[in-house]
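Protein chains in written order, with the working numbering: chain S, 1 to 105; chain C, 1 to 514.
Note that these hints are calculated values from the structure, not bench results.
Computed from a predicted model, the values in this text were never measured in an experiment.
A portion of the hints provided could be inaccurate.
[As the list claims (entries may be wrong)] Some chain C residues well away from chain S (every beta-carbon gap over 10 angstroms; in silico):
# : residue
1 : Asp282
2 : Asp339
3 : Asp369
4 : Tyr402
[Said to hold, decoys possible] In silico DSBU-like links for lysine-lysine, alpha-carbon gap of 30 angstroms or less:
#  : chain 1 : residue 1 : chain 2 : residue 2
5  : S       : Lys77     : C       : Lys201
6  : C       : Lys201    : S       : Lys91
7  : S       : Lys18     : C       : Lys464
8  : S       : Lys91     : C       : Lys455
9  : C       : Lys271    : S       : Lys18
10 : S       : Lys3      : C       : Lys462
11 : S       : Lys32     : C       : Lys462
12 : C       : Lys201    : S       : Lys3
13 : S       : Lys3      : C       : Lys68
14 : C       : Lys455    : S       : Lys71
15 : C       : Lys264    : S       : Lys18
16 : C       : Lys462    : S       : Lys2
17 : C       : Lys6      : C       : Lys271
18 : C       : Lys264    : S       : Lys2
19 : S       : Lys18     : C       : Lys201
20 : C       : Lys488    : S       : Lys90
21 : C       : Lys201    : S       : Lys2
Glycine residues also receive a C-beta, built at the ideal position from the N, C-alpha and C atoms.
What follows is each chain in one-letter form.
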Amino acid sequence: MKKFENLGTLNINANLYKTRLSSKYINRQPYKSANPRLVLSFIPGTILDIPVEPGQIVRKGEILMILDAMKMQNQIKCMMDGIVKNVLVKKGDRVSKGIVLLEME
Amino acid sequence: MEFNKKIEELHERRQKLLLGGGEQAIEKQKALGKRTARERIMSLLDEDSFNEYDMFVEHDARDFDMDKKTLPSDGVVIGTGTVYGAPVAIFAQDFTVAGGSLGLMHSRKITKIIDHALKMRMPLIGINDSGGARIQEGVNSLAGYGEIFFRNTLSSGVIPQISVILGPCAGGAVYSPALTDFVFVVDNISKMFITGPEVIKTVLGEEISMEELGGARIHSEISGNAHFFAESEDECFEQIKRLITFIPWSNERKARPFDPGEPKEEYDIEKIVPEDPTLPYDVRDVIRAVVDNSDFFEIMEHYARNIVIGFGRINGQTIGFVANQPLEMAGVLDVDSSDKAARFIRYCDAFNIPIITFVDLPGYMPGADQEYAGVIRHGAKVLYAYSEATVPKITVILRKAYGGGYIAMGSRHLRADFVFAWPTAEIAVMGPEGAANIIFRKEIMLSDDPDETRKKKVEEYKEKFANPYVAASRGYIDAVIEPGETRKFLLHSITVSENKSIQMPEKKHGVPPF
């Protein structure tokens, strides 16, 4: 039998296999459940407007931010009734995808 | 004499056009390590076999001072020729002429040669080296792309279509290669992307080089857009020629037979696969141990390496091989490997190439990332492709064939013609550890020594089910064979399925889980 190098262990249904691990597997992002209090950018773009401020009471469906991306002014709406705790970006900021824009409580 | 003068004029006209964009532009092309369009065609085709057409074609664009510009052959060279005697239609974009940009007449030349290839039932080779749409020609240029994509689609499954990326190929231009069967890329020369680094910087604020975004390595290892990676244009042309020897001219033919040859002795099939199903080996060695001259031509070598696909010959006849690779990610089926295998199976089926499958997999890859990426619909492609294929399908189960993976990998239930298993095969609903944990959960939990009980139960399960005989007793396996008998059985199966004929239900086309 040949000898192989760079072997790791992969667990598939409780069986442990000696095998090479792909870089995609090694670099994969472990799953984290979403925090409903955090409002994230769903697309990279520029913050055009923030019609709310910290401490403000907002209702579900209210516009929290306008994110300009891909030639569209995207409305970021509130997913729950609550209070704006913190606004982490300001007008004109360029944000990448998945950045926390605003915190609710 | 008048006649001689006319010949002279022809020579002059040709000479001028053969220079393409002129000496300066050619020098620039060479400095990038690239050949000119015509040189590329000559390197690829058999000597003196190229007939060029449409050399004198000119554009008739008027806007933006285009009426004052002549573009020799409108930036693309087309014609027909042969590769090892096989007829091919070919086009090569000429980067020295307006950056190989695609205008209406340029596209008409390409569609003309695709139409030829389709009509004459011969392979099409497209060499892409173009800055993209000729902006001055506006929507006409877009129309040109559309006409090409349409013909690529029409020709799909009728004639083999090969794309060679030897320069930039960006924006809409990438979709012609994407629609073809095989894409060849060369390190540092090929660049493919939908949106380039500049747009990405403006829109997303991210800095990335062309090479990191869409270089040859990226498409060979990460995106899976390319099938063959080469270090140089020369190596690339050798790969293309080799591919042509394995495939038929069209779906109405079979690949040309070669003289049969025995596998090399260094590939001893008895000594490749460890008995312990958790230990790795290189499944390509098993393929080399059964194919003529141990000559295996791997496709997509660097992408989704947990499955191996490629061509080899048995008794001189081209065979498509699909094999789980225990050496990489234990050979699991996942999103990428399913995609890779399914498309290859459909290629083989379209072009009358029998499929041999070697099975050794622990199942599908678990994880939220896989589920989110759609391992259900991508995995379904494998089931679809095997079920739909009507070429001879022969499957050999080497070791593990667990759960859904067993069904997917060319099982009897998807109408494999012959299914063989080695005595080391374990055909079961899941691996022994997992199965014992479920079936004997209570017993293990209530035991004084759960670990010991679990071990015992796993052994019990292995004893009873981790073998090929349960499946063989149901007729799901046709024969349990010794590893050393594999080539003999494969050769026989291929021979007797020569006249395989199947009636599929009549339909316009299926709706595969694309």
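Hint check results:
| no. | hint | result |
| --- | --- | --- |
| 1 | Asp282 | 7 angstroms, violated |
| 2 | Asp339 | 13 angstroms, holds |
| 3 | Asp369 | 5 angstroms, violated |
| 4 | Tyr402 | 8 angstroms, violated |
| 5 | Lys77(S) <-> Lys201(C) | 27 angstroms, holds |
| 6 | Lys201(C) <-> Lys91(S) | 20 angstroms, holds |
| 7 | Lys18(S) <-> Lys464(C) | 24 angstroms, holds |
| 8 | Lys91(S) <-> Lys455(C) | 62 angstroms, violated |
| 9 | Lys271(C) <-> Lys18(S) | 18 angstroms, holds |
| 10 | Lys3(S) <-> Lys462(C) | 26 angstroms, holds |
| 11 | Lys32(S) <-> Lys462(C) | 36 angstroms, violated |
| 12 | Lys201(C) <-> Lys3(S) | 46 angstroms, violated |
| 13 | Lys3(S) <-> Lys68(C) | 67 angstroms, violated |
| 14 | Lys455(C) <-> Lys71(S) | 61 angstroms, violated |
| 15 | Lys264(C) <-> Lys18(S) | 28 angstroms, holds |
| 16 | Lys462(C) <-> Lys2(S) | 26 angstroms, holds |
| 17 | Lys6(C) <-> Lys271(C) | 71 angstroms, violated |
| 18 | Lys264(C) <-> Lys2(S) | 17 angstroms, holds |
| 19 | Lys18(S) <-> Lys201(C) | 42 angstroms, violated |
| 20 | Lys488(C) <-> Lys90(S) | 72 angstroms, violated |
| 21 | Lys201(C) <-> Lys2(S) | 47 angstroms, violated |
In the structure shown, a violation is registered for the earlier hints numbered 1, 3, 4, 8, 11, 12, 13, 14, 17, 19, 20, 21, in ascending order.
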